Amino acid sequence: AQSVSQHNHHVILSEAASLELGCNYSYGGTVNLFWYVQYPGQHLQLLLKYFSGDPLVKGIKGFEAEFIKSKFSFNLRKPSVQWSDTAEYFCAVRVDSNYQLIWGAGTKLIIKP
Amino acid sequence: DSGVTQTPKHLITATGQRVTLRCSPRSGDLSVYWYQQSLDQGLQFLIQYYNGEERAKGNILERFSAQQFPDLHSELNLSSLELGDSALYFCASSGGGPGDTQYFGPGTRLTVL
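Note that the protein sequences, when read in sequence, are chains A and B. Note that our numbering has the first sequence beginning at 420, numbered continuously upward. Note that our numbering has the second sequence beginning at 15, numbered continuously upward.
Covered stretches of chain B, going by a simulated chain A footprint (3 or more residues, C-beta under 8 Å):
(1) 52–61
(2) 113–127
Quick list of in silico lysine-lysine cross-link-like pairs, BS3-like style, CA-CA up to 30 Å:
(3) K71(B) <-> K468(A)
(4) K531(A) <-> K477(A)
(5) K71(B) <-> K527(A)
(6) K531(A) <-> K480(A)
(7) K23(B) <-> K71(B)
(8) K23(B) <-> K468(A)
(9) K23(B) <-> K527(A)
(10) K490(A) <-> K480(A)
(11) K531(A) <-> K468(A)
(12) K480(A) <-> K468(A)
(13) K488(A) <-> K477(A)
(14) K468(A) <-> K488(A)
(15) K527(A) <-> K488(A)
(16) K490(A) <-> K477(A)
(17) K488(A) <-> K71(B)
(18) K480(A) <-> K23(B)
Heads up, incomplete: computed chain A residues facing chain B, CB under 10 Å, no partners named:
(19) Q461
(20) G523
(21) G525
No lab work stands behind these hints: they were computed from the structure. Every value quoted in this text rests on a predicted model; they were computed, and no experiment measured them. Quick reminder that beta carbons are idealized off the backbone N, C-alpha and C, glycines included.
Taking the hints into account, I'd like the entire structure generated from these sequences.
What follows is the structure, given as structure tokens:
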């Protein structure tokens, strides 16, 4: 069965540090890839998505992600985090144009001021 | 604000009871998705409706059912509630195409005592 792995369940960084959150999926076919963010007490919001084309995708709030097909990965990056980036981050994958998303377990990111 | 509304925000009930959660999609969206988010299971896809018809089914228990009405709002019915059903229930909506972004509502927090 297809699955999505987010290996880091909790990440703690200081402000201005660089961020990379890992996301790996297990499926060899066509995928659409998403990163969502959930700020404390709020609903899930789309950060960025990849469907095709340039594997480096830029999203909102300075986030970007790179799709590496050979590694089945879609890691999220930000060069310099802010306290306001404290949130839970979810990676999700859609396979073969199915309608449902397969979700990772989420990574809780805490930014120390 | 994503444009997706959910009511109620909080629900506290007892084991064995039945509750109904309501979701109104964004204007123009034809598809509604239901998710359950709990501490131990993470974000789980339950079911998807498109223009009144069930389109995809995930890990939805037989005690749970959903429907989408002609005005496109959706209801999730949870019956014979157990303590383990306590969770945050999210609704999301999209245009309905496999490439469409899902926009999430604020969720309903269900507590079963």
